[in-house]
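Chains as they are written, first to last, in our numbering: chain A, 1 to 253; chain B, 1 to 314.
Just so you know, the hints here were simulated from the structure itself, not pulled from any lab data.
Just so you know, not all the hints are guaranteed correct.
Simulated pairs of lysine to aspartate or glutamate, EDC-like, Cα-Cα distance not exceeding 20 Å [said to hold, decoys possible]:
1) 18(B) <-> 58(B)
2) 251(A) <-> 277(B)
3) 224(B) <-> 266(B)
4) 61(B) <-> 72(B)
5) 224(B) <-> 185(B)
6) 251(A) <-> 266(B)
Being a predicted model, the structure only gives us computed values, none of them experimental.
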Amino acid sequence: MNAISASLADSRTMLRRNFRHTMRNPLALFNAIIVPIFVVFLMVYVLGGAFSVGTDYVNYATPGLIIMTIGHGIGPTATAVNSDMTTGFINRLRVMHVSRAAVLNAHVFEIMLRTLVAIAIIIGVALAMGFRPAASFPQWLGAIAIIALTVLAIGWLTVAAGLAAKSPESAGIFGVPLMLLPFLSSAFVPADTMGPGAREFAEYQPFTSIIETLRGFLTGAPSTGTAITAVAWCAGLSLAGYLWARATFTKRA
Amino acid sequence: MNGSAIAASGLRKAYKDKTVLDGIDLNVRTGTIFALLGPNGAGKTTTVNVLTTLLTPDAGKVVVAGHDVATETKAVRAAIGVTGQFASVDDLLTGEENLLMMADLLHLPKAEGKRVAGRLLERFDLVEAASKLVVSYSGGMRRKLDLAMTLVGDPQIIFLDEPTTGLDPRSRRTMWEIIRELVAEGTTIFLTTQYLEEADQLADRIAVLDQGRLVAEGTADELKRRIPGSHVRLRFTDRHALDVAARVLHESTRHDDELTLRVPGDGGVRSLRALIDRLDAHSLEVEELSVHTPDLDDVFLALTGHGNTEVSGR
């Protein structure tokens, strides 16, 4: 068996393991799917009626809710990666000559699939609540691409944070800012309605450009400048997360 | 192979200004149990990590199973199995799934993997627990599964980093039995432990590690003989006999309330015979005679020259 097919076989084995983890971890599933659905109901039915954003609120909020969903599922992954590191499971794999790529890619791939399933469910719920996207087919592809890029960036950062954290508990806390940052973006209300300080922060943080790009695609009016900023953020964060994860994996025995 | 399963010379490792390994030389013969004994923080795990390709030493050469660890990493990894300090099992998989995952990662054919997993579950008495999630296992079961996972690859050399730390006495004995069986089958075992009794029970050779240096190496008996403290204990029937004997054996120390004398000696047959001759020559009646050789607790304290609260022998 050559190195590449061995690495692919190992990736499959690790991916199967990660999926079993997710399916057997009720908190992970709850965080990944039920919490975002709850937030959709909260924002659209409970609070949304009070917001004036110039369009049907479900149409405004859904892109933000989609991006927020990504941050919700990752806490358990960071914890799982960390406990693999601290309990010596990763050392076991290293002694078995399992490639670094197989171990790390399997985690990112699992986050990707799990998050895309959760997002599909969220979009379904939003459609049922009156969400009416105006995207053409290529715009849908653009929407999916920006979602996938965002998951990739957050996925690599999550794996890196999990590897680097001292304990599973401190790894778990890593997901919290990613859950909270979307609230300080244009996810639920436009940034220019916010108070001073919050407005500047919201305008320049990565989630705003990502959410605005997605919103542009879904409403059929994408803005190239915002899209470039969003893609640059995603590419930069993915690369940073990837390099961080790689370095930590090699360094920590 | 030249009979040497693990050969290391001049191993050094430092983290920033803290020296963890300070020139370690080791030689482990094929098919034997070698115990690296030392308190927490002595450098045991670092040594294991270096020997098992996980950590690159700052200096020194390591040959494991005939392959250089630095240049033939893959060949070394194919020959060894490592069971770490914590049971590195997957809590959210069942026992059987854990074993099958190992088989998959070793790229065994499916049927072969199933067969190996089934055999190991049986051998380690885990058949009933095979389809339960590991999170529900006891500490002893986790360690057994951990070792079983290491054995899926049928390694020639097994590294066990503190395999019984935290286990109850019964599980510890079970683990010892398993280790003895493995060696009987020809496997080489490199074991680290902070339990002196464990090294005494299992190991063909013992090296004592303290603050990154090997302070002694040999069989358990050799180590015990290296330190003073062997003595013969004589018990007498009454005070009068004790008084007489104490005058004759003036090098001894007496314990009046026990009616005993401790006579220092090397514990060997020759000195024992000489002692008995002296007792006979003075017609001294001895109620009871016993020879005391120091146990590894004494050895450890004598060799490292400092007390160690973490060492517990029994």
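Compare the distance between the alpha carbons of residue 224(B) and residue 185(B) with 20 Å, and conclude whether the hinted pair is satisfied.
-> violated, 29 Å
Taking only the CA atoms, is the gap from residue 251(A) to residue 277(B) under or equal to 20 Å?
-> Roughly 66 Å between the alpha carbons, so the hint for residue 251(A) and residue 277(B) is violated.
CA of residue 224(B) to CA of residue 266(B), is that 20 Å or under?
-> Distance ~10 Å between residue 224(B) and residue 266(B) Cα, so the pair holds.
Given the hinted pair residue 18(B) and residue 58(B), is their alpha-carbon gap at most 20 Å?
-> Given pair residue 18(B), residue 58(B) holds - Cα atoms ~13 Å apart, limit 20 Å.
Has the given pair, residue 61(B) with residue 72(B), been kept, meaning a C-alpha gap of at most 20 Å?
-> Given pair residue 61(B), residue 72(B) holds - Cα atoms ~12 Å apart, limit 20 Å.
With a cut-off of 20 Å on the C-alpha distance, tell me whether residue 251(A) and residue 266(B) pass.
-> violated, 50 Å
Violated hints for the displayed structure, listed by number in ascending order: 2, 5, 6.
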